[in-house]
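Number of protein chains: 2
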Amino acid sequence: MTVPARVSLVTLGVADVRRSTAFYRALGWPVSSASAEGEVTFVRTAGAVLALWSEGELAADAGASAGERSAFRGVALALNLASRDEVDEALEQMTSAGGTVVKPPVATPWGGYSGYAADPDGHLWEVAHNPGWPLGPDGLPVLP
Amino acid sequence: MTVPARVSLVTLGVADVRRSTAFYRALGWPVSSASAEGEVTFVRTAGAVLALWSEGELAADAGASAGERSAFRGVALALNLASRDEVDEALEQMTSAGGTVVKPPVATPWGGYSGYAADPDGHLWEVAHNPGWPLGPDGLPVLP
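Sequence order for the protein chains is V and W.
So the number in our numbering is just where the residue sits in the first sequence, counting from 1, plus 18.
So the number in our numbering is just where the residue sits in the second sequence, counting from 1, plus 18.
Hints are supplied without guarantee of correctness; some may be wrong.
Here are the simulated DMTMM-like pairs of lysine to aspartate or glutamate, each with C-alpha atoms no more than 25 Å apart in a straight line [as the list claims (entries may be wrong)]:
hint : chain 1 : residue 1 : chain 2 : residue 2
1    : V       : LYS121    : W       : GLU57
2    : W       : LYS121    : V       : GLU57
3    : V       : LYS121    : V       : ASP103
4    : W       : LYS121    : V       : GLU75
5    : W       : LYS121    : V       : GLU73
Don't read these hints as lab results, they were simulated from the structure.
Please read these numbers as outputs of a predicted model, since none were measured by experiment.
Start from the sequences and build out the full structure, keeping to the hints where you can.
Laid out in structure tokens, this is it:
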């Protein structure tokens, strides 16, 4: 057997599910009716389902200790867009929604354009345009 | 403008890109030729692209300080499968590949079956069967 190659969900541990949900809603992202108000939110995206859940409950569910959390979590999500203008606009929208630009977008050595924003809990999103990675019909990058 | 709802990539910061790549390869996951041996690996999955990159470089790219890392990162990925047997088999395969089961699978209050494994860098994967979330043709859960 091989294990199916899937990222089915990405669950972000958050301090306040309502606050976090308001942020992603403000971007226009669709919240599934499978969500439980203030307890857990599931956001439908082109790729993995994005889940927002209490960080303490996530830790407990995994049998882990939430412990002290470092500012940098060693994980970044990325949102790939079709143009530099879309990157600028998305970062503005994320700021309006209550996020923070942690790295203004710049031209990258790989020929693209990329910046980083943090959501209200410090989860990092790279917002990027990569002309070498065309987007498929579902909006996700198509890799060789 | 609304921001397209996408999780395009999930980048995991890792201590050793070769070791981490060997783990995901051992699961049978397809590595893209866009990867650079030992520097960065891109894995094609049904959802987001999974990227494996030096944790220090990821922090620097985001303008963050890698600093001290807590054992629990406040993020979990999930791999949703079609049956309980598939969950058991995937967790065995992850162990054979060098991962660690941090929570053996159990029946859950929501009628499913779920366990957690950590990859060689401690990134958490929930491995689950949720009978209430049917899998679409691409293998990803279809949410109401």
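Taken at face value, is the distance from the CA of GLU73 of chain V to the CA of LYS121 of chain W at most 25 Å? Within the cut-off at roughly 17 Å; holds.
Compare the distance between the alpha carbons of LYS121 of chain V and GLU57 of chain W with 25 Å, and conclude whether the hinted pair is satisfied. 22 Å, holds
25 Å limit on alpha-carbon distance, applied to hinted pair LYS121 of chain V and ASP103 of chain V: 16 Å, holds
CA of LYS121 of chain W to CA of GLU75 of chain V, is that 25 Å or under? At roughly 14 Å apart (the allowed maximum being 25 Å), GLU75 of chain V and LYS121 of chain W satisfy the hint.
Taking 25 Å as the top limit, are the C-alpha atoms of LYS121 of chain W and GLU57 of chain V close enough? Answer holds: LYS121 of chain W to GLU57 of chain V is near 22 Å, not above 25 Å.
Taken one by one, the earlier hints all hold for this structure without exception.
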